[in-house]
Amino acid sequence: MKRHCSAQSREKWRSVVGLEVHAQLNSESKLFSGSPNRFGGLVNNYVSLFDAAIPGTLPVLNRRCVELGILTALALSCKINEVSMFDRKHYFYADLPAGYQITQQRAPLANDGIINFQVFTPGIHKKPYKRSSKIKQIQLEQDSGKSLHDSELKQSLVDLNRAGVPLIELVFEPDLEDGEEAAALVKELVLIVQRLGVCSGRMEEGALRVDANVSIHRPGEPLGTRTEIKNIGSVRGVAGAIRHEIERQHDILKCGGCIVNETRAWDAVARRTVAMRDKEQVQDYRYMPEPNLPPLRVNLMTEKDMPDVISVPRLHGTLPELPEQTRQKLMQKYELRPDSVIQLVSEPTLLKYFNNIILVNYRNPNKLVNFLLNELVTALNKNKIDIEDCALKDSQIGEIVDMLAKKKIDLEGAGQLLDVLLLKPDVELTDIIKEQHLSLVIDEEEITRKCIEVIRNNPKLVKQYKDGKIKVFKALLGILAKDTQHRLDMSVVSKKLEDLLKRVLVQTLYEKRNRLHLVARRGEARKWRTCAVGTHVCRPGAFGEAIKVVQLYSIADPTNPSSGGLF
Amino acid sequence: MGLLKSLGWESEHDWRISGGSSGGSAVSVTVGSSVAAIGSDTGGSTRILQLCVGCGNVDDATEILNAIAGPDDLDSTTIKKQFNKIKLNEDFSLKNVKVGIPKEYYCDGMSEEIVTTWKYIANLLESEGALVKSVSMPFTSMSIAVYSILNQCEVASNMARYDGLEYGLRTDENYSTEELYASSRSQGFNNVVRWRIFAGNYFLLSRNYDKYFMKALKLRRLIADDFKKVFNEDEIDVLLTPTTLSDAPKYKDFVSKHNRDQCAFQDYCTQPANMAGIPAISIPICLSKDNLPISLQLMAPSLAEEMLLNVAKKIESVIKFPRDMLIENE
Chain A
1 MKRHCSAQSR EKWRSVVGLE VHAQLNSESK LFSGSPNRFG GLVNNYVSLF DAAIPGTLPV
61 LNRRCVELGI LTALALSCKI NEVSMFDRKH YFYADLPAGY QITQQRAPLA NDGIINFQVF
121 TPGIHKKPYK RSSKIKQIQL EQDSGKSLHD SELKQSLVDL NRAGVPLIEL VFEPDLEDGE
181 EAAALVKELV LIVQRLGVCS GRMEEGALRV DANVSIHRPG EPLGTRTEIK NIGSVRGVAG
241 AIRHEIERQH DILKCGGCIV NETRAWDAVA RRTVAMRDKE QVQDYRYMPE PNLPPLRVNL
301 MTEKDMPDVI SVPRLHGTLP ELPEQTRQKL MQKYELRPDS VIQLVSEPTL LKYFNNIILV
361 NYRNPNKLVN FLLNELVTAL NKNKIDIEDC ALKDSQIGEI VDMLAKKKID LEGAGQLLDV
421 LLLKPDVELT DIIKEQHLSL VIDEEEITRK CIEVIRNNPK LVKQYKDGKI KVFKALLGIL
481 AKDTQHRLDM SVVSKKLEDL LKRVLVQTLY EKRNRLHLVA RRGEARKWRT CAVGTHVCRP
541 GAFGEAIKVV QLYSIADPTN PSSGGLF
Chain B
1 MGLLKSLGWE SEHDWRISGG SSGGSAVSVT VGSSVAAIGS DTGGSTRILQ LCVGCGNVDD
61 ATEILNAIAG PDDLDSTTIK KQFNKIKLNE DFSLKNVKVG IPKEYYCDGM SEEIVTTWKY
121 IANLLESEGA LVKSVSMPFT SMSIAVYSIL NQCEVASNMA RYDGLEYGLR TDENYSTEEL
181 YASSRSQGFN NVVRWRIFAG NYFLLSRNYD KYFMKALKLR RLIADDFKKV FNEDEIDVLL
241 TPTTLSDAPK YKDFVSKHNR DQCAFQDYCT QPANMAGIPA ISIPICLSKD NLPISLQLMA
301 PSLAEEMLLN VAKKIESVIK FPRDMLIENE
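Chains as they are written, first to last, in UniProt numbering: chain A, 1 to 567; chain B, 1 to 330.
A portion of the hints provided could be inaccurate.
[Claimed, not checked] Result set (SDA-like, lysine to any residue): computed pairs, CA atoms no more than 25 Å apart in a straight line: (1) A/LYS406 / A/ILE385; (2) B/LYS81 / A/MET306; (3) B/LYS81 / A/PRO294; (4) B/LYS218 / B/PRO301; (5) B/LYS80 / A/ILE252; (6) B/LYS87 / B/SER40; (7) B/LYS87 / B/PRO279; (8) A/LYS393 / A/LEU373; (9) A/LYS230 / A/GLU428; (10) A/LYS79 / A/SER311; (11) A/LYS367 / A/ARG449; (12) A/LYS89 / B/LEU217; (13) A/LYS126 / A/GLN332; (14) B/LYS81 / A/GLN332; (15) B/LYS81 / A/VAL60; (16) A/LYS89 / B/ILE319; (17) A/LYS146 / B/GLY168; (18) A/LYS146 / B/LEU180; (19) B/LYS211 / A/GLN105; (20) B/LYS215 / A/VAL83; (21) A/LYS408 / A/LYS460; (22) B/LYS218 / A/GLU290; (23) A/LYS230 / B/THR177; (24) A/LYS79 / A/PRO174; (25) A/LYS154 / B/ILE101; (26) B/LYS81 / A/VAL298; (27) B/LYS80 / A/VAL298; (28) A/LYS304 / B/LEU217; (29) B/LYS211 / B/ARG194.
It should be emphasised that the hints constitute simulated quantities derived from the structure, not laboratory data.
Quick caveat, the model's predicted, so the values are computed rather than measured.
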C-alpha cells in the first residue's frame with residue numbers, strides 16, 4: 001500500500017544529496033599498462049599481463065591520463081596538489097585480478113573545487129535557478145573488469161577488457177537538495193567533460209557513472225542516516241532514483257521506522273531502489289601505499305613541461321570555453337532568454353547550428369533559437385532521429401529560417417519541410433515547397449474571401465464570439481487554417497478575421513407575413529429583403545402570433561452598403 | 001620459498017639450510033645448472049644464502065650488476081638517470097678509506113668465530129691503510145620489528161592476486177566464489193605464507209594502520225637516518241659488519257624455532273640495509289670449525305656501488321677464500 005504524504009508533512013523534512021561520479025578518461029591506453037582503452041571490443045582482448053595481475057608485472061603511469069585529470073580539475077576550479085600519491089584498496093572480487101585497486105585515497109590529484117550550474121527542467125521548474133556544489137576531491141584510479149552472473153548455469157563470467165581502464169573519481173560534498181538538482185549537476189558535468197575532450201560522457205556505455213548518497217532530516221536536527229544508490233544509468237535516472245529514495249526514506253520515518261546505512265541499486269524498469277545483497281557488510285579496504293609507484297609530482301609554477309613533470313600552467317592555457325561561459329556570452333550578445341540558452345547549450349549539435357547560422361543574413365537570434373528548440377527538435381523526435389544524428393546542413397536550416405522570416409511559408413509548412421528533408425536530405429527546398437503546396441498565401445483579397453467563408457459557415461461560433469466568448473476565436477482560426485490546408489499566413493489572417501468579426505452585426509429578426517422585421521439590433525439597422533431560415537422560437541409579445549425568430553448575421557461594409565447579405 | 005637442502009655435507013637428517021627465500025637461485029648457480037641467477041633480497045635472503053653456499057665472486061657480481069642496472073621504463077621505481085658502468089680497479093688502494101664498525105651489530109648470540117673474523121678483517125683493512133673507526137647506530141635493533149610489519153603487510157597485499165582464476169592452483173570448490181578463493185588459497189599457500197598474510201591484513205585494518213604500519217614507517221626513517229648520519233657526519237665510506245650471527249644452521253635447529261624467531265636471529269645484521277635502501281655485499285672470508293663458510297658484510301651509501309665493490313674486491317684478493325673446496329665435494 002503506497003502511502004501518500006501530505007504536502008504539509010513533507011515540508012517538515014529536508015533532504016540532502018551528495019554525489020560521487022566516476023568518469024572514464026579518453027586516453028589511448030589504460031592507466032598503468034599499454035593495452036588499448038576501448039569500449040565494446042571482443043571479450044578479454046584488451047588485457048595486458050599487468051591487467052591480469054600476472055606476477056612480476058609493474059604499473060607505469062600513463063601521462064595522458066594525468067593531463068586529462070588535471071584539465072578536469074582546473075575546469076572545476078580545484079586546487080591541484082603538487083604531490084599526490086597512489087594507494088592500494090584491497091577487496092576480493094572476481095573482476096579485480098590483483099585483489100586490490102590502485103587509487104589515490106590519502107593524497108589525491110586535486111581538492112576543493114566547485115561546479116556551478118543552472119537547474120531547469122521544463123515542466124517542473126517555472127524558470128531556471130542557479131546552484132553550485134563543492135568538490136571535495138578528484139583522484140585517479142583503475143576501473144575493474146566486468147563480471148556477468150549466470151544464475152541458471154551457476155556460472156560467473158569475467159571480462160577483463162575494462163580492468164585497468166583509467167577513471168577519475170569526483171567526490172562532491174552533500175550540498176544538493178533533490179533529484180532535479182543532482183540531474184542538472186550531472187548534465188553540466190557531462191557537458192564540461194565533453195567540451196574538454198576528457199570523457200565521452202556516455203552514461204549508457206558506462207563511461208560516466210553516478211552514485212548518489214541520500215538522507216533526510218528535520219530542520220535544526222543533525223543529518224540523517226544516508227543510503228548509497230548505485231547503478232544509475234542516465235541523467236533522468238539520477239532524478240528518478242533520488243526522488244524515489246527520498247520518498248522511500250520519508251515513508252519509513254513517518255511510520256516511526258529507521259533508515260539502514262546500506263547500498264541500494266536503482267531498478268530503472270520498476271522505478272525503485274532495492275537493497276544490494278553483496279554490500280551488506282561494512283568493508284575494511286586495508287589501504288596501503290602502492291610501493292611500485294613513486295609520488296606523482298606536477299609543476300605548479302612555470303610553463304616548462306618535462307617528460308616526468310607536467311606543467312599545470314601550460315595545461316591551464318589550453319582550457320576551452322566552458323558551457324557556463326558560453327551561456328553568458330549568448331545571453332549578452334544575442335539577448336536570448338535564460339531557459340532558451342540553457343536548452344541550447346545542453347545540446348551541442350543545436351548550439352553548433354546556432355553559432356553557424358546566426359552569422360549569416362542578420363537572422364533573428366530569438367526566432368532561430370525557437371526554431372531549433374521547437375520545430376527542429378519536434379521533427380527529429382517525430383521521425384525518431386537522435387539530435388546528434390541530424391543530417392541537415394547549416395545552409396538548409398538557414399534557408400528555412402529565412403523563408404519563415406519572409407513569410408514565404410509558415411511554421412506548419414516548415415514542419416512539413418523538415419519531415420521531408422530529414423528523410424531525404426538532398427532534395428532542394430524549393431522543390432518540396434512546390435510539390436507539397438507549402439507556399440503561404442498572402443494575397444489580401446483571397447484572405448478576406450476565406451475569412452468571410454468561415455464566418456458564413458459557422459454562425460453559432462460567431463454568435464458566441466460576439467456574445468463575449470473570446471476563446472472561440474481560436475476555433476475559428478483553426479477551422480480556417482484547416483480548410484485552407486495551412487496555406488495562409490496566419491498572423492495576417494488572424495488580424496483580418498478579428499477585423500471582420502468586429503463588423504459583424506448580430507440581429508434577431510422575426511418573420512411577419514413573409515416579411516422580416518428587425519427586433520433587436522446592434523450597430524446600424526438594416527431592412528432585409530431575403531432571408532434564410534434558422535431556428536424557431538415562440539415569442540409571446542406585441543404581435544400576438546407565433547413567429548419564427550431567425551437569427552441572422554451580416555457583415556456590414558461601411559463603404560458598400562449593399563455588400564451585406566443574409567446567409 | 002621453502003627449505004633447500006645442502007649437498008654432500010652431512011648425513012640424511014643433519015643437512016644444513018642453504019638460506020632464505022632466494023636460496024633456489026644461488027643453489028642453481030652452485031650446482032652449475034645456471035651461469036648466474038638473481039634473487040630478491042628483502043631481508044638479507046640473497047646475502048645470507050651466498051654465505052651458506054659460498055658461490056660467486058666480486059667480479060661476477062659486478063658484471064651482473066652492470067648488466068641489469070640503470071633506468072627501466074617499465075619499472076617506475078628505477079632512477080631515471082644514466083647509469084655508468086662500474087669499473088673494478090685492480091690497483092685500488094684502501095689508503096684513507098674510512099671504514100666504520102657499528103658497535104650495535106655486536107649482539108647477544110653472536111658466535112665467537114664470527115666476532116673473531118670480524119676483528120681480523122678490521123685489522124687487515126687498517127694494515128692496508130684504511131682508517132677504521134667505531135660508530136654508533138642506535139636504531140639497529142628496531143630493524144627486525146619494522147621489517148616484520150612492513151614485510152607482512154606487503155605479503156598480504158602482493159599475495160591477494162593468487163585466487164586461482166587467471167593462473168595458479170584452483171580447487172574444485174564450486175559452492176561460491178568466496179569458497180573457491182578460500183579453498184584455493186588455503187591449499188596453495190603453506191603455513192608461513194598464510195601466517196604472514198593474516199598478520200599483514202591485521203596491521204592494515206583501518207583501526208590498526210597508525211599503530212603498526214605508520215609507526216613502522218616512522219621507525220624505518222630513523223633506521224635510515226642512522227646510516228645517513230654515519231655516512232655524512234662521520235664521513236664513513238663503508239661499514240663492516242658480520243653477515244649472520246653464526247654459520248649455516250642445521251635443519252633440526254632451524255625448525256625447532258618459530259620462523260619469526262629464526263628470521264629475527266639470522267637477519268639481524270642484514271636487515272637494516274634493506275630498511276635504509278643502501279647497497280650491501282656479503283663476502284666469504286674463511287671456514288668455520290665445522291667447515292662451513294663465514295662471511296662479512298660491507299655496506300655503502302646509496303649509489304656508492306663502485307666504492308663498495310672495489311673494497312670488496314680488495315678484501316677478496318687479499319683473503320683468497322678456498323672456493324675449490326666446494327667443487328671437490330660434489
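Against the structure, the hints:
| no. | hint | in the structure |
| --- | --- | --- |
| 1 | A/LYS406 / A/ILE385 | 29 Å, violated |
| 2 | B/LYS81 / A/MET306 | 14 Å, holds |
| 3 | B/LYS81 / A/PRO294 | 15 Å, holds |
| 4 | B/LYS218 / B/PRO301 | 20 Å, holds |
| 5 | B/LYS80 / A/ILE252 | 60 Å, violated |
| 6 | B/LYS87 / B/SER40 | 24 Å, holds |
| 7 | B/LYS87 / B/PRO279 | 16 Å, holds |
| 8 | A/LYS393 / A/LEU373 | 16 Å, holds |
| 9 | A/LYS230 / A/GLU428 | 50 Å, violated |
| 10 | A/LYS79 / A/SER311 | 14 Å, holds |
| 11 | A/LYS367 / A/ARG449 | 30 Å, violated |
| 12 | A/LYS89 / B/LEU217 | 19 Å, holds |
| 13 | A/LYS126 / A/GLN332 | 22 Å, holds |
| 14 | B/LYS81 / A/GLN332 | 55 Å, violated |
| 15 | B/LYS81 / A/VAL60 | 17 Å, holds |
| 16 | A/LYS89 / B/ILE319 | 51 Å, violated |
| 17 | A/LYS146 / B/GLY168 | 21 Å, holds |
| 18 | A/LYS146 / B/LEU180 | 19 Å, holds |
| 19 | B/LYS211 / A/GLN105 | 19 Å, holds |
| 20 | B/LYS215 / A/VAL83 | 22 Å, holds |
| 21 | A/LYS408 / A/LYS460 | 33 Å, violated |
| 22 | B/LYS218 / A/GLU290 | 17 Å, holds |
| 23 | A/LYS230 / B/THR177 | 22 Å, holds |
| 24 | A/LYS79 / A/PRO174 | 19 Å, holds |
| 25 | A/LYS154 / B/ILE101 | 65 Å, violated |
| 26 | B/LYS81 / A/VAL298 | 19 Å, holds |
| 27 | B/LYS80 / A/VAL298 | 17 Å, holds |
| 28 | A/LYS304 / B/LEU217 | 34 Å, violated |
| 29 | B/LYS211 / B/ARG194 | 22 Å, holds |
Hint check: violations occur at hints 1, 5, 9, 11, 14, 16, 21, 25 and 28; the rest are consistent with the structure.
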